[in-house]
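With the hints as constraints, model all of the structure from the sequences given.
As given, the protein sequences belong to chains A and B, one line each in that order. Mapped onto our numbering, the consecutive letters of the first sequence carry residue numbers 16 to 480. Mapped onto our numbering, the consecutive letters of the second sequence carry residue numbers 72 to 237.
Treat the hints as calculated values from the structure; they're not laboratory data. One should not assume that every hint holds.
[Said to hold, decoys possible] Some chain B residues judged to face chain A by a derived CB distance under 8 Å, without partners named:
(1) Ala85
(2) Ala89
(3) Tyr92
(4) Ser214
[What the hints assert, rightly or not] Restraint-style ranges between C-beta atoms, simulated for each label pair:
(5) Ser308(A) to Ser91(B): 53 to 59 Å
(6) Val438(A) to Ile75(B): 48 to 54 Å
(7) Ser91(B) to Ser216(A): 26 to 32 Å
(8) Thr82(B) to Ala54(A): 34 to 40 Å
(9) Ser91(B) to Ala239(A): 26 to 32 Å
(10) Gln200(B) to Thr66(A): 22 to 28 Å
(11) Asp457(A) to Val83(B): 40 to 46 Å
(12) Ala228(A) to Asp174(B): 48 to 54 Å
(13) Val62(A) to Gly170(B): 37 to 43 Å
(14) Ser182(B) to Ala54(A): 32 to 38 Å
(15) Ser216(A) to Thr82(B): 29 to 35 Å
(16) Val176(A) to Leu88(B): 25 to 31 Å
(17) Ala54(A) to Ser91(B): 34 to 40 Å
Cβ atoms here follow ideal geometry from the backbone N, Cα and C, with glycine treated the same way.
As a plain string of letters, each chain reads:
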Amino acid sequence: MTTATAMHPVPVRRRAATPRWWADAAGAAGWLSLLVVTALWMHNSGVQQTTGGGWTAVAAIGRLAGLYAADLMLLQILLLARIPLVERAFGQDRLARWHRWTGFTSFHLMLAHVVLITLGYAGPVHTNALAELWDLVVTYPGMLLAALGFAALTMVVVTSVRAARRRLRYESWHMLHLYAYLGVGLALPHQLWTGADFIGSPAARAYWWTLYAVAAGAVLVYRAGLPAWRSWRHRLTISHIVPEGPGLTSVYLRGRRLDRLPVRAGQFFQWRFLDGPGWSRAHPYSLSGPPRSDLLRITVKDLGDGSAQVAALRPGTRVLVEGPYGRLTGETYPGGPVTMFACGIGITPLLALLWELPYRHGEATLVYRARTEADLAFRTELEWLAAHRGVRVVYLLGARAGRPSWLPARYADNTDEGALYQVAADIARHHVYVCGPDPWTDAVRSAARTAGVAADRLHTEQFAW
Amino acid sequence: MRRITLWLLSTVAAVVLAFSYRTSTMGAAGGETVSVAAPPTTGPTGIGGSPEDDGTTEDDGPTGNAVTPETTGNARSYAGSVVQTRWGPIQVTITVTGGKITDVAVPTYPSGNHRDEEINAYALPVLRQAVLDTQSAHIDTVSGATVTSDGYKQSLQAAIDAAHLR
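In structure tokens:
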């Protein structure tokens, strides 16, 4: 059995395409939750108090800031809870970007909440703001817990500022980031017991209890329960390890009932190899071959973050997975011409897609960018695909161009989109798949958009976040 | 000990200690039954008012003076029910002379912390004046003292009912 034929797809269960209304529904739900919060605040005379001016207005705006902060934090937990509907509607790369934005926004709202409430409470009774803050923390129901939650969330935000994030080991940063759950949870009592918008408003209490319960449930089910269940059900173990080239290693995995694992070519899992320390960090690797009912394959590049250890893994090692995740699939590909752009290790999900997509002979093109010929991987498989499925493979070798471009230096006198036309004159009619480092992916993406590729035919996913 | 163990232990300690603090569980004890008024005293309130409710009061201060009616010449006093609010119990007593409310007293009101005292120090006189002006429990809530105002109005209504005012 050669490497190439080893990856012949065996028919597996196909999953229905993601309905397009999912994204609308999820977006509408998030928007509605902010609307509900605003309405509950208005129902509790929020607007009258604000227009009335004075310290009451300050406190009223402070309350609204706090409510928005809490709502956004709970929405973020939901966004990142790996809920399949949300994952498939938006994709993790977009969710991660939104998380960064809503994370900082909700933190700033929380700061505004603390400052405005303190001033609004201190003002009418003419106390010193710091004394008032102390009084609030030590005498109001649930407020000491809220202060502790504030400290936890502040730590999470501070360690996520880019400068601090770079200095921390991933594992440390990740552990500290888990304190966000603690921080959000500790904020709940003061909302229910001290929050003016909750006392005497069963609707508000019902809304917040529901939101907290749903967020906690989603985390337990989709972040912990489902991955644990999948890992237990499929019992993935390492079958064998194959070196693919310099710094590149393929890991073949076997497991039980892999035909029931709802994964498609182009998707990735978070992997933990139970071979000793380091398992606490999960690594995202795409499948580099089509998912089969008896065998999975990932290919790992040594990036200096523990991925070098992969080459030393022993057959039989147990593996835990979270996933599958990712939207770079053939789900919306109906057939017809397809062009793929791979750069470096970005070849892995595209190779899996080349095995799986139902294009006709000669309809597929792969543009494969690498520094040197030695960096190219999967030559045998690509030759097999070229010979048997008519895939046209275009290698782009050489150093980077002097400007931001997806082309190597030697072709840099072409424009980015001009070169696309040379790859395929009718590129605008193609389905285009792109995977590589972020700047490179962005360059292909914008060139393809300029060349007239519709957004719903342009499939990309970013992995560096 | 590894650093992660230290972090875990410190976190557990911080959370446990924080939950041991008195303000961290006070809402849970009150449960969902807050700001539910004690049933308004029925019939002529002359027989002892409602001091049973005061058993829940933390300070056994001046709450016992709800013995009504207290007749001084033409004036009679009527005590409202003790209303449990989020911040504590509140009870309103009215003095009725010739079918008119001539005075309002608040023998019991929330005083759990000094903000309650500060708030009530300005809210209660405002409420009292509003009652004397409108002769009813249909008075505006005092901004910044919503909870106390609501409890005040409930207890006041019970007192007005007891006095058979309209």
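How the hints compare with the structure:
no.: 1; hint: Ala85; verdict: holds (6 Å)
no.: 2; hint: Ala89; verdict: holds (5 Å)
no.: 3; hint: Tyr92; verdict: holds (5 Å)
no.: 4; hint: Ser214; verdict: holds (5 Å)
no.: 5; hint: Ser308(A) to Ser91(B): 53 to 59 Å; verdict: holds (55 Å)
no.: 6; hint: Val438(A) to Ile75(B): 48 to 54 Å; verdict: holds (50 Å)
no.: 7; hint: Ser91(B) to Ser216(A): 26 to 32 Å; verdict: holds (29 Å)
no.: 8; hint: Thr82(B) to Ala54(A): 34 to 40 Å; verdict: holds (36 Å)
no.: 9; hint: Ser91(B) to Ala239(A): 26 to 32 Å; verdict: holds (28 Å)
no.: 10; hint: Gln200(B) to Thr66(A): 22 to 28 Å; verdict: holds (24 Å)
no.: 11; hint: Asp457(A) to Val83(B): 40 to 46 Å; verdict: holds (45 Å)
no.: 12; hint: Ala228(A) to Asp174(B): 48 to 54 Å; verdict: holds (49 Å)
no.: 13; hint: Val62(A) to Gly170(B): 37 to 43 Å; verdict: holds (40 Å)
no.: 14; hint: Ser182(B) to Ala54(A): 32 to 38 Å; verdict: holds (34 Å)
no.: 15; hint: Ser216(A) to Thr82(B): 29 to 35 Å; verdict: holds (33 Å)
no.: 16; hint: Val176(A) to Leu88(B): 25 to 31 Å; verdict: holds (29 Å)
no.: 17; hint: Ala54(A) to Ser91(B): 34 to 40 Å; verdict: holds (37 Å)
Violated hints: none; the structure is consistent with every hint.
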